[in-house]
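Q: Now for the letters of each chain:
Number of protein chains: 2
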Amino acid sequence: MEITRRNFKESLGAVYGAVEEADFLAIDGEFSGISDGPSVSALTNGMDTPEERYAKLRKHSMDFLLFQFGLCTFRYDQAQSKYLTKSFNFYIFPKPFSRTSPDIKFICQSSSIDFLASQGFDFNKVFRSGIPYLNQDEEAQLREQYEERRNQMNGSGTPSYISPLSGKGPVNVPDEHKDFINRVIVLLYFYSSFSLRFQRKLIFQTLNWKYPKGLHVETVETEKKERFIQVSKVDEEERRRIEQQKQEREQEELNDAVGFSRVIHAISKSGKLVVGHNMLLDVMHTIHQFYCPLPEELDDFKEVTMCVFPRLLDTKLMASTQPFKDLITNTSLAELEKQLKEKPFKAPKVGCSEGFQCYDTAAEQLHEAGYDAYITGLCFVSMANYLGSFLTPPRAHISARSKLIEPFYNKLFLMRVVDIPYLNISGPDLQPKRDHVLYVTFPKEWKTSDLYQLFSAFGNIQVSWIDDTSAFVSLSQLEQVQIAMNTSQYAESYRIQTYADYMQSKQKSTSKNRKWAEDGWANTTCSHMHNR
Amino acid sequence: MEITRRNFKESLGAVYGAVEEADFLAIDGEFSGISDGPSVSALTNGMDTPEERYAKLRKHSMDFLLFQFGLCTFRYDQAQSKYLTKSFNFYIFPKPFSRTSPDIKFICQSSSIDFLASQGFDFNKVFRSGIPYLNQDEEAQLREQYEERRNQMNGSGTPSYISPLSGKGPVNVPDEHKDFINRVIVLLYFYSSFSLRFQRKLIFQTLNWKYPKGLHVETVETEKKERFIQVSKVDEEERRRIEQQKQEREQEELNDAVGFSRVIHAISKSGKLVVGHNMLLDVMHTIHQFYCPLPEELDDFKEVTMCVFPRLLDTKLMASTQPFKDLITNTSLAELEKQLKEKPFKAPKVGCSEGFQCYDTAAEQLHEAGYDAYITGLCFVSMANYLGSFLTPPRAHISARSKLIEPFYNKLFLMRVVDIPYLNISGPDLQPKRDHVLYVTFPKEWKTSDLYQLFSAFGNIQVSWIDDTSAFVSLSQLEQVQIAMNTSQYAESYRIQTYADYMQSKQKSTSKNRKWAEDGWANTTCSHMHNR
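Taken in sequence, the protein lines are chains A and B. In case it helps, UniProt numbering puts the first sequence at residues 1 to 532. In case it helps, UniProt numbering puts the second sequence at residues 1 to 532.
Hints are supplied without guarantee of correctness; some may be wrong.
Taking lysine-lysine and the DSSO-like style, the derived pairs with C-alpha atoms no more than 30 angstroms apart in a straight line are [as the list claims (entries may be wrong)]: (1) LYS403/B <-> LYS343/B; (2) LYS82/B <-> LYS349/B; (3) LYS506/A <-> LYS59/A; (4) LYS447/B <-> LYS82/B; (5) LYS447/B <-> LYS56/A; (6) LYS444/B <-> LYS508/B; (7) LYS59/A <-> LYS346/B; (8) LYS56/A <-> LYS508/B; (9) LYS82/A <-> LYS447/A; (10) LYS349/A <-> LYS338/A; (11) LYS403/A <-> LYS82/A; (12) LYS343/B <-> LYS59/A; (13) LYS338/B <-> LYS125/A; (14) LYS343/B <-> LYS56/B; (15) LYS444/A <-> LYS56/A.
Source of the hints: derived by calculation from the structure; they are not laboratory data.
Isolated chain A (complex conformation) (with noise of 0.2 angstroms):
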């Protein structure tokens, strides 16, 4: 089901009705772009920590725009023994929704442009469609302005000035504006212009002060945009019934300007396990873009995460993970799908729910964020099922709360680190040996071919650049490592250090890390998450 800002409202039934039947969520993200570092080489340095693989993909991907939300439910029918599936194709854009409304910036990177336009990605709908969202703190602001104005309006400001023509009153008018405010009572005022705002606030609390029960003041906007104050004489109860309607209407513009956001609210309050394909982009990015800046730390990323998506399984990691790891040779999603319809795999049976289309993986929409979100899902139940083969006796269907699956929870696929495989989202991560490991430094005029050469006594080598003047050089035999260090002692123009000591001195300059508790985040407190 396609959903944009024309059928948002009425599809949001649906979409809450869909996750609370789930017995499992897959979801997927297209973006404006992927990477905004300055070289590719900076941005993937093969021996980076958890920590700065974070802060990297932080820094230089969260300006890009999820502009596209994939989700698709699935649900165990066990009387027709096969998943039923809704799946869901968001497109989003953060319309302004007023004149006062953050005016969001986003970068998009050519490259990826170009290649979702090649898959005839929908770059109108977005921009002429797209359903708004905000984050948390944007809600809570919002929240507050109407609760602000409001209170204005109900005249409960802080009383302090006195009207001249009254005596007193419960209104702050600056001297230069008690003339003109004053005027203003007997009249019906007329403007259009915005440096009119602070004096238009004191008319209201005016009036409202002077006739708390026998005015009811608004303004109206016309279709051509020109602004009035709208004085009407209404008794009490009309008066009152004025003000519920229109705090309800205030309730649903609140609603709209939310937008999108509460599916990820309904998704997350759900605690269903989430399945995505090397997500953590896409994770990142949801809780960016839906719920708060994402924090500096990667500790503090993984609390986040796992307050927002308290489960989730990444089907590229469980892919390259025994026992699946010698079996899948080629784990990107496409390749994965076809891979796990056949032996020793079986294609997964499911069927579409009631009043939603089908998708047909041969006919391959791949990219658009539905269909992914689909066909990850169909990958997940495949590799589920497989585990179940082990079972004595083997069963068929294996559920998405089985223990079979527990190992893959929250292990988030890293890209370009060489040796380790994963983010580990609800505990510490894997610390890999790096024994053989060597930090160097060098005259920037250095190529790879000079450490081939500075190195070429120590047998194979691996470079990982970290900058213009540095890298990592993995030796092939842990035993070349002293004798590198040794005869490195007297050289002049390159510098080497262990790995060990590298991080040693990198860290006293810097961090201070978390204890974790041994089972990992299970004591931490979500409440703040779902405070709606």
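Position chain B relative to chain A; hints supplied.
A: Same frame as chain A, now just chain B:
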């Protein structure tokens, strides 16, 4: 005429022809955003100097993309006594043309995108079919790459490597690759991986050196993006023919990559009058995107601009200048076009050239760049003709080359600066008297009302915020300046300086002002801008 990547090449002749025959050109650009500033007030101090205003626009606006360019050419037909127009609406997008080409990132501003969306702007056409472009540096780099590759092919590298197979050779093969390369000389090597790029280069060089005349060596890519080295036996003549074909193909690739910039080069080389409405940002973006990153200093920008567009005319500035100023109440493009059809003006006589779509001003296709360029041209014609009514005898048609137009040349409307109406591109800027202006610093808690209060004794004031803790305050009466200065002498929370003192202390810390020749830029050499 709508021009995208699909019909660009076949339309280029028509564009060149239209520019060639035109009496003047009108242009307009649409951007992915207007201002990337931290806050509107910081960007729009009404007391900015032209240098400051330019610096702000350069810093906060150049990361947006000019993605639609309108060009409308106007040729006066003596026989019919009317202008014949040809209008072109170009869609522009920096599609990367190869794996190694620059991957441009640009910013989108939600409010601008939303506005264009509401006008029916076709983003799909931009992103799927936009015409690519290169600036001058990128073009030069690409040209060099082609030349370097050609030299490599011809074996004209520095001879320095002694091949173990044959005794000597012109190629530089690092020790660790020698074995591989020597094996490869007798193999047809197949590869598909990036990491082999260096080895591929060596294979090329070695093969070409060993078989300088008998072999043709080339990389070919299959539809599946697998890449081969194709080695074919050829005789001398055939080899030369293949080389020439290849060179032609490369020249065409280069032209395709330069893309839309060729249109701007043609406009520039024509030296014709270029008319725009409120065109400063159009000019800045056009130069930035298709020529070179904008220079830091305003004077250097003026110099570059005069090279690219030797004669500019801004219809918004013209309409804001006498004799038009008193007759025209609203200088926004749409309103101006309407007013210039009514008395005392006359709707200009125009027709559209054969084979070109005619815009109907009644349909108001505003914010399509081609349409905006068209009505900008109409405005210019109408105002120019009005000037003719003052001649004795009055003349109904005033040419774009008339002396009457000259006072409006190269003066670009300057938004938001209260007392400097335009940026003078071909000479020094106006220096407004700011004797009645005070520079005030104060605690960051202060608001506009605090400033009103502070100066309440000095009559009406105008406040131009600089930042949280400073502002310019214009007094209405010059004689109050000294009194205000005196009373501030013992103040602790705020400080007052005259504008002159403030500017002097500021200039001391920064700049060296360029000396202008009496006749502006007349002696500037632009040859480096027209090197193709």
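Q: Given the proposed pairing of LYS82/B with LYS349/B, does the C-alpha separation stay at or below 30 angstroms?
A: 5 angstroms, holds
Q: Take the C-alpha atoms of LYS349/A and LYS338/A, compute the straight-line distance between them, and say whether it is at most 30 angstroms.
A: 15 angstroms, holds
Q: Run the distance test for LYS403/A versus LYS82/A: straight-line Cα separation, threshold 30 angstroms.
A: Given that 30 angstroms is the threshold and the Cα spacing comes to 20 angstroms, the pair holds.
Q: Checking one constraint from the list: CA of LYS59/A to CA of LYS346/B, max 30 angstroms. Satisfied?
A: Given pair LYS59/A, LYS346/B is violated - Cα atoms ~57 angstroms apart, limit 30 angstroms.
Q: Given the hinted pair LYS343/B and LYS59/A, is their alpha-carbon gap at most 30 angstroms?
A: Outside the cut-off at roughly 58 angstroms; violated.
Q: Hinted pair, alpha-carbon criterion (30 angstroms max): LYS338/B, LYS125/A. Please report holds or violated.
A: Not satisfied, since the Cα-Cα distance of roughly 33 angstroms exceeds 30 angstroms.
Q: Is LYS506/A close enough to LYS59/A, meaning Cα to Cα at most 30 angstroms?
A: Holds - the C-alpha atoms of LYS59/A and LYS506/A are around 20 angstroms apart, at most 30 angstroms.
Q: Is the Cα-Cα distance between LYS403/B and LYS343/B 30 angstroms or less?
A: Measuring from Cα to Cα gives roughly 24 angstroms; hence the hint holds.
Q: Holds or violated: are the alpha carbons of LYS444/B and LYS508/B at most 30 angstroms from each other?
A: Given that 30 angstroms is the threshold and the Cα spacing comes to 26 angstroms, the pair holds.
Q: Below or equal to 30 angstroms on CA atoms is what counts here, so check LYS343/B against LYS56/B.
A: 39 angstroms, violated
Q: For the pair supplied as a hint, LYS447/B and LYS82/B, confirm whether the alpha-carbon distance does not exceed 30 angstroms.
A: Judged against 30 angstroms, a Cα distance of about 57 angstroms means the pair is violated.
Q: Compare the distance between the alpha carbons of LYS444/A and LYS56/A with 30 angstroms, and conclude whether the hinted pair is satisfied.
A: 22 angstroms, holds
Checked against the numbered hints listed earlier, the structure breaks hints 4, 5, 7, 8, 9, 12, 13, 14; every other hint is satisfied.
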